[in-house]
Amino acid sequence: MTASVKKGESVKDQEVAVQGNTSEEMITRKQTAVYVYEAPLRLWHWVTVLSVITLCITGYFIGAPLPAMPGEASDNYLMGYIRFAHFTAGYIVAIAFVGRIYWAFVGNHHARELFLPPFFSGKFWREVGHEVRWYLFLEKTPKKYIGHNPLGQLAMFSFFVVGITFMIITGFALYSEGLGQESWADMLFGWVIPLMGQSQDVHTWHHLGMWYLITFVMIHVYVAIREDIMSRQSLISTMVGGWRMFKDDRPD
Amino acid sequence: MSQIETFYEVMRRQGITRRSFLKYCSLTAAALGLGPTFAPKIAHAMETKERTPVLWLHGLECTCCSESFIRSAHPLVKDVVLSMISLDYDDTLMASAGHQAEAILEETIQKYKGKYILAVEGNPPLNEDGMFCIVGGKPFLDQLKHAAKDAAAIIAWGSCASWGCVQAARPNPTQAVPIHKVITDKPIIKVPGCPPIAEVMTGVITYMLTFGKLPELDRQGRPKMFYSQRIHDKCYRRPHFDAGQFVEKWDDEGARKGYCLYKVGCKGPTTYNACSTVRWNEGTSFPIQAGHGCIGCSEDGFWDKGSFYDRLTDIHQFGIEKNADEIGTAVAGGVGAAIAAHAAVSAIKRAQHKGDQE
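Here the protein sequences come in this chain order: A and B. Numbered per my numbering, the first sequence finishes at 252, counting up by one with no gaps. Numbered per my numbering, the second sequence finishes at 1358, counting up by one with no gaps.
Treat the hints with care, as some may be off.
[What the hints assert, rightly or not] Derived CB-CB ranges, DEER-like:
1. A:G129 with B:T1184: 30 to 38 angstroms
2. B:Q1352 with A:T165: 37 to 45 angstroms
3. A:G71 with B:H1044: 52 to 60 angstroms
4. A:V106 with B:P1173: 27 to 35 angstroms
Just so you know, these hints were derived from the structure itself, not from any lab. None of the values given here were measured: they were computed from a predicted structure. Glycine included, each C-beta is placed from N, C-alpha and C at the ideal position.
All chains should be built: construct the whole structure from the sequences, respecting the hints.
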């Protein structure tokens, strides 16, 4: 295969039978697979997926609570449970993200892509341009990439890495208000509140951050499905099994 | 004011018995969250310490801080605190006026250089060289800077002096700014609120006089003893919040039952103040107890955060007022539509070029 495979990368070639476009003829084509996403990284991805879904739903209902519960206050604890779920999922996302940063140091080189887009590389930006044209239907074929394509890498950084970092910082700043002054959260994140004005401003930014992440998730899921169908490599199965499959053996 | 008396002497002179004086000391200790052992310390301090001269300036303000202050319900405070502190200058309360009043200000500044406390109610407007607030023929800005130069410490009374309040609200034509924007070299104690609670005001002063130092302040310069928790944290309606029981409309069953006012815009969860513990008017009540949500009057820029009856803040951009949810749903909807359109074009293109790649 011609997509640049780095040293030490697990690669396997397999012969697969593909339905040819000429009637009934079966052709055999070599399909290459590269091991991209290691197990801890895949686990992190899906843990984050579940937690972010939980956070968005519970967060929305903290901002705009459900209709009032009937009965005595002592018989209900709905907001308490919703907030508990939100805080727990928040802790999970934050701890998982710290683990993810650790994995960027010890994992394979694809684990670093999210955090370090090569902003100063001309080649990178040319390929971003190519990828943008592919999405504008101006390029007939996309390029092959083992890791993220340059546009994907850029989007993951600016939407996800920046977005989730912002949400973790503002989230724990708000959490510190409940824990109280001189709590660990107040020591680490309390400075955010005067920085943004006051508590209500932090709430508003945290709320906007949710919509930023929802927008990211919508685009992320759509593009993953679309690329899985239309590009020359596997996407969704890669995040499940870790192996990147290439659908053809032609050069980039 | 040539011979400064001790606090105790002043109190006795005003006909307060020693018994009442000691009661006052214990109550003050309790109000400040100090143990019973502190009552004698307060008594001792008041018996021996000279009264501290206080200059009370008024800038752009509505005098609600003064109105609150003089209603301090703490036993004796109405009579005593005004005598306790040697309130040398306060153009609203003092008997003298005009040149005489201004002369006292000058005299105190000269005589007690570096010793007096400057209490500022209201704030200075900066636009047009400060012409929007003239005191004694000069811009308030000049008076403030002049009086602040030799002050030991400065108290910013109310949201005006602390944050800017209504005169600094959008679009702020006079460019009113909180006092920490013009006084940068002195410790400033912010006592925000519109107005602050009377007992909070007297509590802060009593603390400073008793211990001869500033109370412990939080990151934003507010005394921790009164501003370290939100209204929400100590609200008596909090169990209804945790249970998910809210007032949906002002005349509904929930409103009659005293449910949580969160959904009708209560700013308790984002407001740091002591209303839910100290309360107002001799501890009688506070807004939430009266059935209305907190409007967050002790928070920075509370006039510009949108409706008092909505939890979400208005975001002023592009000349349109929107809140986070309106913006979010619009963006998410737009992106959703774009995704659908893009998917449709992708499908068509794919159908057209089917087989091209083979």
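Cross-check of the supplied hints:
1. Range check, G129 (chain A) to T1184 (chain B): Cβ separation about 49 angstroms, and the 30 to 38 angstroms hint is violated.
2. Range check, Q1352 (chain B) to T165 (chain A): about 42 angstroms between beta-carbon atoms, so the 37 to 45 angstroms window is met.
3. A hinted range of 52 to 60 angstroms for the beta carbons of G71 (chain A) and H1044 (chain B) is consistent with their spacing of about 55 angstroms.
4. For V106 (chain A) and P1173 (chain B), the hinted distance range of 27 to 35 angstroms is not satisfied, since their beta carbons lie about 58 angstroms from each other.
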